[in-house]
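J.: Chains A and B are the protein sequences, given in the same order. So for the first sequence, the numbering used here puts the first residue at 1; every next one is plus one. So for the second sequence, the numbering used here puts the first residue at 1; every next one is plus one.
These are computed hints drawn from the structure, not numbers from a lab. Please read all numbers here as calculations on a predicted model, not as lab measurements. Treat the hints with caution; some may be incorrect.
[As the list claims (entries may be wrong)] Short derived list, chain B residues pointing at chain A, Cβ under 10 Å:
| no. | residue |
| --- | --- |
| 1 | Ile23 |
| 2 | Gly34 |
| 3 | Pro50 |
| 4 | Met54 |
| 5 | Glu62 |
| 6 | Asn93 |
| 7 | Gly114 |
| 8 | Val115 |
Where is the CB? At the ideal position from N, CA and C, for every residue including glycine.
Residues per chain are reported as follows:
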Amino acid sequence: MNALLPTDSFEGFTLIEMVIVITIMSLIMLTAIPAVSQIFMSYITSTRMVKYDRDGFVAMSRISKELIPASAFTLNSANDISITSIGKEIRFWLDAGNEILYRSEDGGADQILSRNISDLTFTTDGNYITILLKINEVGLDLRTTVYPRNLP
Amino acid sequence: MIRSNFPKDLKQRAAGVTLIELIIAITLLAFITGALVTPISTMMANMEQPRKMMQATFLVQEKQEEILYNRRQLTNTQTLAANMTPNSNQTENALAGFTQFGRRVTIDKSYTPGVGNCQSTSAACWNYTVEVFAMSDNSTYSSADLFIQK
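Work out the full structure, taking the sequences as your base and the hints as a guide.
T.: Encoded structure:
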């Protein structure tokens, strides 16, 4: 077991050696910490971005898909639309305070279509409906325009 | 027993590392860390790509919807050549609200009536290619074809 203990030849580091090493390590850490921190922040941000982007994509796809065959629509407000689509009365509306997008069908209960939606705006000239969806948390903006096929 | 089995050079190594060895090790570690930072940062920056493709796809859909609507407005007596909008190539730079993107419509009017996809035997068939591209380097983020006939 004595072999594991310091031998006579082990003299250790001098004070000046320790000061030099600590100084070098401090300089390296000062340089590396912001970079490593940035990597971790990027990772966290990108993970959130992927999740929120997927939410936005699902919401936007669902709305536009159901608007295309619509035969009538009514804008209840800028972020609340009711449509008649393939024989169903469908409503999409945004609870802006809680950032929740709801969908209901034939007067039934509101169902959550997507969370984290900061803004959903419908604009129209009677022939088309432009949908603008925003998720401010990750700076996502999506826009598309639909011309419902079956309007009178 | 343990002591007797230890090679002689290992006993000598117990003297520890020298200052120069320690500095070299720290420097190598710093270089390795530094070399990893750039590729990881680049990889994270590339996470923006799928988002841009998604935005571009909806903007392509927007233009296609407009083209299809214009097509539906044509009466039986109207023709693509005389009444369709657009009826020539079109480029929009820095789209409103999405200034990082431009949008291009390219029309291929070379389809012969009755041949291939052009099932109409008398009227023209056009293929609209709608592309959304980056204003910065003109690279295409999303593209789709729309075949119409009259």
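J.: Hint by hint, note whether the structure agrees.
T.: Consistency of the hints with the structure:
Because the beta carbon of B:Ile23 sits about 6 Å from the nearest beta carbon in chain A, less than 10 Å, this interface hint is met. A cut of 10 Å between beta carbons decides the hint on B:Gly34: the least distance to chain A is about 8 Å, and the hint holds. Hint status for B:Pro50: holds, given a least beta-carbon distance of 7 Å to chain A, under 10 Å. Checking B:Met54 against chain A by beta carbon gives a least distance of about 6 Å; that is within 10 Å, so the hint holds.
The restraint placing B:Glu62 at the interface with chain A holds, with a minimum CB-CB distance near 4 Å, inside the 10 Å limit. Against a cut-off of 10 Å between C-beta atoms, the interface hint on B:Asn93 is violated, since the closest Cβ of chain A lies about 17 Å away. Violation of the interface hint for B:Gly114 is found here, the shortest Cβ-Cβ separation to chain A being roughly 27 Å, above the 10 Å cut-off. Given the 10 Å rule on beta carbons, the hint for B:Val115 is violated: about 28 Å separates it from the nearest Cβ of chain A.
Of the hints listed earlier, those the structure fails to meet are numbers 6, 7, 8, in rising order.
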